[in-house]
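Trainee: Chains as they are written, first to last, in the working numbering: chain Y, 288 to 672; chain S, 288 to 672.
Calculated from the structure, these hints are not laboratory results.
There may be inaccurate statements among the hints.
Because identical chains cannot be distinguished in the list, a pair is counted as satisfied if it fits within a single copy or across any two copies.
Listed below are the simulated BS3-like cross-link pairs for lysine-lysine, each with C-alpha atoms no more than 27 Å apart in a straight line [unchecked claim]:
hint, residue 1, residue 2
1, K463, K630
2, K368, K515
3, K671, K609
4, K458, K395
5, K605, K354
6, K368, K579
7, K464, K630
8, K656, K578
9, K618, K354
There are 2 protein chains.
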Amino acid sequence: MKIIVFGGDGFCGWPTSLHLSSKGHQVLIIDNFSRRKIDIDLGTNSLTPIQNMSRRLETWRKLTGNKIEFENIDIARDFDKLVNIFLKFKPDGVVHFAEQRAAPYSMKNSTTKRYTVDNNVNATNNILCAIVECKLDIHLVHLGTMGVYGYGWMDDNPIPEGYVEVTIDTKNGKLKKEILHPVNPGSIYHMTKTLDQLMFGYYAKNNLIRVTDLHQGVVWGTQTAETKLDQNLINRFDYDGDYGTVLNRFLMQVAINHPLTIYGTGGQTRAFIHISDTVKCIEIAINNPPKKGDRPLIFNQVTETRRVSELALLVSKKTGAKIEYLKNPRKEASENELVVENKKFLKLGLNPTTLSEGLLDEVTEIARKYVDRVDEKTILPRSKW
Amino acid sequence: MKIIVFGGDGFCGWPTSLHLSSKGHQVLIIDNFSRRKIDIDLGTNSLTPIQNMSRRLETWRKLTGNKIEFENIDIARDFDKLVNIFLKFKPDGVVHFAEQRAAPYSMKNSTTKRYTVDNNVNATNNILCAIVECKLDIHLVHLGTMGVYGYGWMDDNPIPEGYVEVTIDTKNGKLKKEILHPVNPGSIYHMTKTLDQLMFGYYAKNNLIRVTDLHQGVVWGTQTAETKLDQNLINRFDYDGDYGTVLNRFLMQVAINHPLTIYGTGGQTRAFIHISDTVKCIEIAINNPPKKGDRPLIFNQVTETRRVSELALLVSKKTGAKIEYLKNPRKEASENELVVENKKFLKLGLNPTTLSEGLLDEVTEIARKYVDRVDEKTILPRSKW
């Protein structure tokens, strides 16, 4: 198939582009390098030495013979270029990673809040609008987040995949409805993904656009089968207080012999998935689109759930690191249960990499290997909310 | 109180500003004249001869002694100016009409779709973000729409005011929840108001912003007690295929001796409110804010529901006009029931003007009086979806 990957230079987008290319799809990456530019503004950098786009693509072509194309476009702004590319490339599907994706960054200040809303909403609407404009039957696969659901709405019951059946008591009897799971986002970033959902529902209904929305958990791990093939293909690893997720913070702390820092009690339970499973899920989604006229198809893209404290213990056991508790800089419940349904991907053949098997590789292959590139003062959180 | 009216030059915003001023509030209007500029692009115009802002305000001051201030700011873009005005004026409340508000206009083409999403989402987010930034306790009153609910989700039961109680069956028993009424917008314009709702919910929870969202029906009528005081204060009357609502189309058709045109069967039922009730509702909302920390307070701002065919009959009976049926240019159910709860405003003292009493005034005072200003070719619909 012909696939456009929006945000194909990023942490999930780059390995996804390589994976789709390795599976024989014709891939076009569109990216405006916003993630690399934010690094410049924040004074941060990927721990791993990622190469520029032309070197990445040249290396991939020499290694595999597969050509991946690239265009630098700001899709939240350059609508006409987007339409022209659709008309010229005629994609069967597009994968939409082109959103500002860090909750802490989205909460830093008014500028980053407004950028996150403006960029994410307009990027999504422009893609949908361009699909309508060019009159092609393009399947949109979007990266959502488990954060749209919030925590605890279903008590200890598993979070269903997108939709939930409810009953309303009326004077004329009981009404049964299947509705989008009510949302409860914990940051401006997560809020934008709840807005995306409503846009998908509208365009699916009004213009019969086929949409798959993947509510992803926290992605861990750095490398996939394809990014490991050559040093020039290496994926990014973020460890700073804005873009680094909890696990990457722990890994860096191991590498610099700092105690693992837990915010609050560590009772926060989060859903996780390894980057090599992310890329497989996206290929499965591409190969299993909803039918024209269907409501958006929603998958929970997670493979396991863990408490933060449990994660720290796991890392500590494997590495001997100490654990330290800090005041939580975020407004969130100090403890929560989290059970997530993820049957759809398992049924379609996903065979997950688990934290207990993959964690030590991250310490030795990434955190300790590149420890001389670390800027220690960027590890701790800089956004509070 | 000190009140800012965003979009205070528009059809609802202008009479609201006068009404709040007449009640002793200190009013500042912010508007970028986008509505007047869209008229220029569309080659349309208000049927009534509306005056420019400085003449409007000068007339009001001479008549009543009340000074209304004005600033020309694009709040979807000029965030810093917005924050500075909040810090200087220190409003107790703001009324947010600053959104592109015509469904047909929002569906014309990719440019108007994208403008509607970009303007409406960024305007709302900027207001919320500016309230947080300036650390003042400002009550936000927003004009939503009955269109967020869609039609028929509750079957023939009354649409509740914003929230609905549901039950979820789980293996651990029944869960009872009060949720935001699920949305089913019929146009890009209506979709933006469903996005607004989620932003309000987020900021109310995370930043304890006090928000009132008014889900308004189709507004009819032109003048209020205040706009009638002087010819220079006259309110706008839109009759073109994009901005004119069904009733205004009928009124113009009466004036030019054209049959009343019904799209489809006319079985579409819509909720209505007179402009003089709109301005009263907004003052009631301003005087009855939710408490800090409350979820957004939602009112249904409607006073009666009518089928389009019934409305045509009403106009026909009063004027002798003929009725003609056209193919419906929109994707919508050909018939729907609509029952709406509106107890909250009635309880707070609203005493509505009804269609059967007010309609004939519109024909004689507006449509026939200004018929020499009409451009007949703009009356019929120009957007199809």
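Trainee: Since the copies are identical, ignore which copy is meant and state whether K463 and K630 lie within 27 Å (CA to CA) inside a copy, between copies, both or neither.
Mentor: Cα proximity of K463 and K630: in one copy and across copies (24 Å, 26 Å).
Trainee: At 27 Å max between alpha carbons, let me know whether K464 reaches K630 within a copy, between copies, both or neither.
Mentor: Classified as both: same-chain Cα gap 22 Å, cross-chain 25 Å, threshold 27 Å.
Trainee: Go through the copies and call it for K656 and K578: within, between, both or neither, with a Cα cutoff of 27 Å.
Mentor: So K656 and K578 fail the 27 Å test inside a copy (46 Å) and across (54 Å) alike.
Trainee: Within a copy, between copies, both or neither: which one fits K458 and K395 at a CA-CA cutoff of 27 Å?
Mentor: neither (48 Å within a copy, 41 Å between copies)
Trainee: Have a look at K605 and K354 and pick one of within, between, both or neither, based on CA distance no larger than 27 Å.
Mentor: Classified as neither; 40 Å inside a copy, 72 Å across copies.
Trainee: At most 27 Å between CA atoms: does that hold for K618 and K354 within a copy, between copies, both, or neither?
Mentor: The answer is neither: 46 Å in one copy and 43 Å across copies each exceed 27 Å.
Trainee: I want to check one pair: K368 and K515. Are their C-alpha atoms no more than 27 Å apart within a copy, between two copies, both, or neither?
Mentor: For K368 and K515, the Cα distance exceeds 27 Å both inside one copy (33 Å) and across copies (50 Å).
Trainee: Could you figure out if K671 and K609 sit no more than 27 Å apart (CA to CA) within one copy, between two copies, both or neither?
Mentor: within (24 Å within a copy, 65 Å between copies)
Trainee: With 27 Å as the alpha-carbon cut-off, assign the pair K368 and K579 to within, between, both or neither.
Mentor: within (26 Å within a copy, 45 Å between copies)
Going through the hint list in order, the structure does not satisfy hints 2, 4, 5, 8, 9.
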